[in-house]
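J.: Sequence:
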Amino acid sequence: MSINELHDEAMKIAQHALLAQMKGQLSEFANLSKDAFFLERMAAQRIPPSHPEAEPSRTILFKSAAFLAYDAALYWDCNE
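Residue numbering for the sequence shown follows my numbering, beginning at 1 and increasing consecutively.
Keep in mind that the hints were calculated from the coordinates and are not lab data. Warning: the hint list may mix true and false statements.
In silico DMTMM-like pairs for lysine to aspartate or glutamate, Cα to Cα no more than 25 Å straight-line [said to hold, decoys possible]:
hint, residue 1, residue 2
1, Lys63, Asp8
2, Lys23, Glu9
3, Lys63, Glu28
4, Lys23, Asp35
5, Lys23, Glu53
6, Lys12, Asp77
7, Lys63, Glu53
8, Lys63, Glu9
Distance windows between CB atoms, simulated [to be verified]:
hint, residue 1, residue 2, range
9, Met1, Glu55, 36 to 44 Å
10, Gly24, Gln45, 31 to 39 Å
11, Asn31, Glu53, 31 to 39 Å
12, Glu80, Glu5, 37 to 45 Å
13, Cys78, Leu26, 12 to 20 Å
14, Leu26, Pro52, 25 to 33 Å
15, Lys23, Ser50, 40 to 48 Å
16, Gln21, Pro52, 36 to 44 Å
17, Ser27, Pro52, 40 to 48 Å
Glycine is no exception: its CB is placed at the ideal position from the N, C-alpha and C atoms.
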């Protein structure tokens with residue numbers, strides 16, 4: 001999958017997570033957030049830091065991944 005495809009899929013899953021949260025399905029919310037986090041982090045990691053156009057996209061993807069990790073209670077991953 002390309003970076004854009006990974007990000008798009010992560011955002012679709014994150015939307016489903018938010019719907020689960022609104023319905024009070026907190027376990028499903030955490031599981032979906034975790035899935036979205038792994039995809040978003042993978043997208044960010046695919047952008048080489050040395051690439052001339054890496055920023056700000058790379059930082060934005062990592063920040064998005066951190067928020068998803070927080071939602072999934074993956075606190076250690078938030079710091080990475």
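J.: Next, verify each hint and record whether it holds.
T.: Here is how each hint holds up against the structure:
1. Lys63 with Asp8: Answer holds: Lys63 to Asp8 is near 15 Å, not above 25 Å.
2. Lys23 with Glu9: The hint holds at about 21 Å.
3. Lys63 with Glu28: 22 Å, holds
4. Lys23 with Asp35: Status holds; Cα separation ~19 Å.
5. Lys23 with Glu53: Violated: Lys23 and Glu53 sit about 40 Å apart, past 25 Å.
6. Lys12 with Asp77: Given pair Lys12, Asp77 holds - Cα atoms ~21 Å apart, limit 25 Å.
7. Lys63 with Glu53: 17 Å, holds
8. Lys63 with Glu9: 16 Å, holds
9. Met1 with Glu55: 36 to 44 Å: 22 Å, violated
10. Gly24 with Gln45: 31 to 39 Å: About 33 Å separates the Cβ atoms of Gly24 and Gln45, which means 31 to 39 Å holds.
11. Asn31 with Glu53: 31 to 39 Å: Holds - the Cβ-Cβ distance for Asn31 and Glu53, about 34 Å, lies within 31 to 39 Å.
12. Glu80 with Glu5: 37 to 45 Å: Distance hint for Glu80, Glu5 is violated at roughly 23 Å.
13. Cys78 with Leu26: 12 to 20 Å: Cβ of Cys78 to Cβ of Leu26: about 18 Å, so the range 12 to 20 Å holds.
14. Leu26 with Pro52: 25 to 33 Å: Between Leu26 and Pro52, where Cβ atoms are some 42 Å apart, the hint is violated.
15. Lys23 with Ser50: 40 to 48 Å: 44 Å, holds
16. Gln21 with Pro52: 36 to 44 Å: 39 Å, holds
17. Ser27 with Pro52: 40 to 48 Å: 43 Å, holds
Hints 5, 9, 12, 14, counting from the list given before, are not met by this structure.
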